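Colleague: Given the coordinates of chain F, assemble chain Z onto it according to the supplied hints.
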Amino acid sequence: NAGVMQNPRHLVRRRGQEARLRCSPMKGHSHVYWYRQLPEEGLKFMVYLQKENIIDESGMPKERFSAEFPKEGPSILRIQQVVRGDSAAYFCASSHDSYGYTFGSGTRLTVV
Amino acid sequence: AQSVSQHNHHVILSEAASLELGCNYSYGGTVNLFWYVQYPGQHLQLLLKYFSGDPLVKGIKGFEAEFIKSKFSFNLRKPSVHWSDAAEYFCAVGPASGGSYIPTFGRGTSLIVHP
Chain F
1 NAGVMQNPRH
11 LVRRRGQEAR
21 LRCSPMKGHS
31 HVYWYRQLPE
41 EGLKFMVYLQ
51 KENIIDESGM
61 PKERFSAEFP
71 KEGPSILRIQ
81 QVVRGDSAAY
91 FCASSHDSYG
101 YTFGSGTRLT
111 VV
Chain Z
1 AQSVSQHNHH
11 VILSEAASLE
21 LGCNYSYGGT
31 VNLFWYVQYP
41 GQHLQLLLKY
51 FSGDPLVKGI
61 KGFEAEFIKS
71 KFSFNLRKPS
81 VHWSDAAEYF
91 CAVGPASGGS
101 YIPTFGRGTS
111 LIVHP
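Chains as they are written, first to last, in our numbering: chain F, 1 to 112; chain Z, 1 to 115.
The shape of chain F in the complex, shown without the other chains (with noise of 0.2 Å):
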């Protein structure tokens, strides 16, 4: 069991690029969710996911982001005209249930 995958560990653009990040869950985990990390900040929730659904995106910005977990293949978190303050670690975890969330080794952001 390969654990959570998260690519690429590291990603940098620049002002007004766009970033995509990949996240494959855990072989049996149909739950999966984005969270950001900035410096000093705790893990900031930014979306659920279900496998083509998007449960719960309360945590996501109202522009520039966006997040899919297609039928086949990882989940993509999207930034859209990434700006400076989007530089942080991205996580992904992924679940069965609500019994334990296992994190991918999250994706560096920096945007120069």
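There's no promise every hint is true.
[To be verified] List time: in silico BS3-like cross-link candidates among lysine-lysine, alpha-carbon distance up to 27 Å:
| hint | chain 1 | residue 1 | chain 2 | residue 2 |
| --- | --- | --- | --- | --- |
| 1 | F | K51 | F | K62 |
| 2 | Z | K71 | Z | K61 |
| 3 | F | K27 | F | K44 |
| 4 | F | K44 | Z | K49 |
| 5 | Z | K49 | Z | K71 |
| 6 | Z | K69 | F | K44 |
| 7 | F | K51 | F | K27 |
| 8 | F | K44 | Z | K71 |
| 9 | Z | K61 | Z | K49 |
| 10 | F | K62 | F | K44 |
| 11 | F | K71 | F | K44 |
| 12 | Z | K49 | F | K27 |
[As the list claims (entries may be wrong)] Which chain Z residues stay away from chain F? Per the calculated CB distances, all over 10 Å, these:
| hint | residue |
| --- | --- |
| 13 | N8 |
| 14 | Y25 |
| 15 | K69 |
| 16 | P79 |
| 17 | W83 |
| 18 | S84 |
| 19 | A87 |
| 20 | T104 |
[Claimed, not checked] Pulled a few chain F residues facing chain Z out of the computed Cβ check, cut under 8 Å:
| hint | residue |
| --- | --- |
| 21 | P39 |
| 22 | G42 |
| 23 | D56 |
| 24 | D97 |
| 25 | G106 |
Don't read these hints as lab results, they were simulated from the structure.
Quick caveat, the model's predicted, so the values are computed rather than measured.
Where is the CB? At the ideal position from N, CA and C, for every residue including glycine.
Modeller: Only chain Z this time, still in chain F's reference frame:
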């Protein structure tokens, strides 16, 4: 809505000192409780978790936590810290039922261990 409060943002200890990190939560229903550790530059790793049963939970690396329902607390303890325990520690709360299992994290406590 659930919330998690970690009382100390930074804790500084000498090696071999005892550790206790506070965590309080608010939520109206049944919860599952977790402690995660994040070493510098790495992802979150599960230290221990509580679902039901014995409120004193043993985790990895000598850590334990006690769930006190009346105080809505789930404090993390270790009798004797090692320099390798220096890390960020996160308490998390997740609903035990209801179909939406979104865990909420505390702000984190940064542990610094002096030799």
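Colleague: If I take the minimum Cβ distance from Z/P79 to any residue of chain F, is it greater than 10 Å?
Modeller: Non-interface label stands for Z/P79: nearest chain F Cβ at 26 Å, farther than 10 Å.
Colleague: Should the label of Z/A87 as a non-interface residue stand, given a Cβ cut-off of 10 Å to chain F?
Modeller: Check passes; 14 Å lies beyond 10 Å.
Colleague: Taking the minimum C-beta separation from Z/W83 to chain F, is that value above 10 Å?
Modeller: holds (23 Å)
Colleague: Can you confirm whether the C-alpha distance between F/K44 and Z/K71 stays at or below 27 Å?
Modeller: Since the Cα atoms of F/K44 and Z/K71 sit roughly 25 Å apart, the hinted pair holds (cutoff 27 Å).
Colleague: For Z/Y25, is the shortest beta carbon distance to chain F beyond 10 Å?
Modeller: holds (13 Å)
Colleague: Would you mind confirming whether the straight-line C-alpha gap from F/K51 to F/K62 stays at or under 27 Å?
Modeller: Roughly 22 Å separates the two Cα atoms, so the pair holds.
Colleague: Over 10 Å from every CB of chain F: does Z/S84 meet that, or does the non-interface label fail?
Modeller: holds (19 Å)
Colleague: Would you assess whether Z/T104, listed as outside the interface, keeps its beta-carbon beyond 10 Å of every beta-carbon in chain F?
Modeller: With a cut-off of 10 Å, Z/T104 comes too close to chain F, as the shortest Cβ separation is near 7 Å.
Colleague: So if I understand the rule, the pair passes when the alpha-carbon distance is 27 Å or less; does F/K71 with F/K44 pass?
Modeller: holds (26 Å)
Colleague: Within a Cα-Cα threshold of 27 Å, do Z/K49 and F/K27 meet the stated pairing?
Modeller: Within the cut-off at roughly 21 Å; holds.
Colleague: Would you check the hint for Z/K71 and Z/K61, treating anything up to 27 Å between C-alpha atoms as holding?
Modeller: Answer holds: Z/K71 to Z/K61 is near 26 Å, not above 27 Å.
Colleague: With a cut-off of 8 Å, does the beta carbon of F/D97 approach a beta carbon of chain Z closely enough for the hint to hold?
Modeller: Because about 6 Å separates F/D97 from the closest Cβ in chain Z, which is inside the 8 Å limit, the hint holds.
Hint compliance for this structure: hints 20 and 21 are not met, and every other hint is.
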